[in-house]
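Single-letter residue listing:
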Amino acid sequence: MSLLEVRDLKKHFPIKSGVLKRQTGTVYAVDGVSFSIEKGETLGLVGESGCGKSTAGRSILRLIEATSGRVEFEGIDVMHASRIEMQKLRRDMQVIFQDPYASLNPRMRVRDIVGESLKIHGIGTKQERKTRVYELLETVGLSAEHADRYPHEFSGGQRQRIGIARALALNPKLIICDEPVSALDVSIRAQVINLLEDLQDEFDLTYMFIAHDLSVVKHISDRVAVMYLGKIVESSDSRILYDQPQHPYTEALLSAVPIPDPHTERARKRIILEGDVPSPANPPKGCVFHPRCPRAREICTQAMPRLTSTGGDAGDRHEVACYFPARFTGGERSVSDTPFEGAHPEPAA
Amino acid sequence: MAERLLEVNDLSTHFFTYAGVVKAVNGVSFTLDRKETLGIVGESGSGKTVAALSIMRLIPDPPGKVVDGTIDLRGRDLRSISDDEMREVRGNDIAMIFQDPMTSLNPVLKVGGQIAEAIMLHQDKSKGEAWELAAKLLDRVGIPDADKRVNQYPFEFSGGMRQRAMIAMAISCNPDILIADEPTTALDVTIQAQIIDVIREMQDRYESGVIAITHDLGVVAEIADKVMVMYGGRTVEYGPVDEIYYNAHHPYAWGLLGSLPRLDLAEKTRLTPIQGQPPDLIALPAGCPFAGRCAYVRPECRDRWPELEIVGREHGVHCWIPEEERLAIRETLPRFEKAES
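Taken in order, these protein sequences are the chains called A and B. In terms of the numbering used here, the first sequence is residues 1 to 349. In terms of the numbering used here, the second sequence is residues 350 to 690.
Hint data in this document are derived by calculation from the structure and do not stem from the laboratory. Any given hint could turn out to be false.
[Claimed, not checked] Okay, derived cross-link-like pairs now, PhoX-like style, lysine-lysine, Cα gap no bigger than 25 Å in a straight line: (1) A:Lys16 / A:Lys39; (2) A:Lys88 / A:Lys119; (3) B:Lys617 / A:Lys269; (4) A:Lys173 / A:Lys130; (5) B:Lys497 / B:Lys485; (6) A:Lys39 / B:Lys617; (7) A:Lys269 / B:Lys384; (8) B:Lys617 / A:Lys173.
Given only the sequences and the hints, what does the whole structure look like? Please build it.
What follows is the structure, given as structure tokens:
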């Protein structure tokens, strides 16, 4: 059984306007996302701003209520859990946020920030909690003397460590990391990435790693899912996804990332996508990517293709939602002229 | 030889605050030739933006002040010319694109009007001509329906399009030098690729020299001809792009390169971050600002700033570690193991 199982998760935000606040539209932030995370694994969720990756993370934690879909954590239905069940679940599912400046209460001392969840869940005596906070601070590379300081006394990297200590306090099984290193400088970012990797080994953690930076996601993840406009368009083992991307969006995204190596850079060919990401309030009909897709044809404007495996080298674990995916057999890449059969959506039930 | 556009020597810019003197830029020197791209890399607070603003004379005074150095633009010393002359230089000779296209455009003025304003300020053109040119420039930087777009407001533009509009404004008076301060940091990668493309195209077309300020070593590898690595207000290393990536001499440059996860490498390697935290610019050590985080620090590092040492063609470094020792250390670093192949 997977640790986390997400099926057809949807989160639609209403757009309300006018004095009567009537609903005049819908933002399809997350629109039918399914994936699972095995214990001890890191799933990377990548995509550009507005693709719904953070909303997906927050809906899973029920920090916002999803519109529909099913989320199972160790077999427990998260979406329908009662308050008491939810409180229990929250011990196992924690979160680290992007902005270490906004996610720590500036009026609280570090000891209270890190120890708050212990207190809420009534764990240990006051003295035990104090010891635990010191222990947590040491774990993330800070020291006990930092416990009485306030967030403003720390640099960005150190604040992110405080956020990590807070997430670790209850010994969670799953941590959803929402852009945990995006706000940090290169050298500090590497420190935090290494810390997250060490903690995973030490405490047998499972991560869902949400980020827009493909090189970071590839580095830390075992498996990667690429999101575009509320949908997963491709997912695979991270190495395979990089070597053999099947979806044209993944190809473009990978080719757009500059590589810190001038020789490689000069030799590369870049796929430059036209235009901008459409608004999730008015997603294109058919495949969400078709207006920017270099491979788009008539069929792509009809219906969103299904996320499914194309077989070939990558096997079942590599899924793509495209009528004209690149396919790899024996390392040879080919793009068929006829639409891929498996991509046709199931007839509406 | 290409025409030398800009020569900056020993530039120092300090901010005099109540808490103390912030030495944001401390004795920085570099040059820029026509058609050349200089990448200035460094982390937040390394002084790269302040260096650029000092050239433009846009440092808010007080509290900031360019306290030392010369800025020579094709024979003119930008530090000694009058404010009026400097206004002519800005836009005409040197133009700047900023990081955040959301805040660098005026939200209550039409995009076309803002570009036309720059044109009318520097060129002898009527309002109508200026607007026409604005539309032409928007088209040139790749904005579809430029004739219509020119009459829209910034909020109607996406982030990438706003940055294109900024570029259109910057190139409107055909400047010799284009300073791009983190031009793609606020943008998504696919949009970043578009913008880098536009900047390059404009550079080719107008034969400008470009100063690209960024913290992204990938972007620098892609666009720069030469690179200046800054740390704590100092230039720690300076050289042609290949030299910096494959033959770096400064421990900070090694640290930066070792900190980067690589998309193109199959094997997952552990990152080698730089230990410690960035320095406090008010309480900078007397010697090398990197001394506090350097794994190979020696006593002299903390006391005195090392002189420039030339280690290759147009490749210089400031470091107390003797060259032989430096190269020996470098060979032990994962990033440089197979660099020679």
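Now for the hints, and whether the structure bears them out:
1. A:Lys16 / A:Lys39: Measuring from Cα to Cα gives roughly 40 Å; hence the hint is violated.
2. A:Lys88 / A:Lys119: holds (14 Å)
3. B:Lys617 / A:Lys269: holds (24 Å)
4. A:Lys173 / A:Lys130: holds (22 Å)
5. B:Lys497 / B:Lys485: holds (11 Å)
6. A:Lys39 / B:Lys617: holds (20 Å)
7. A:Lys269 / B:Lys384: holds (22 Å)
8. B:Lys617 / A:Lys173: Distance ~24 Å between B:Lys617 and A:Lys173 Cα, so the pair holds.
Consistency with the previously given hints fails for number 1 only.
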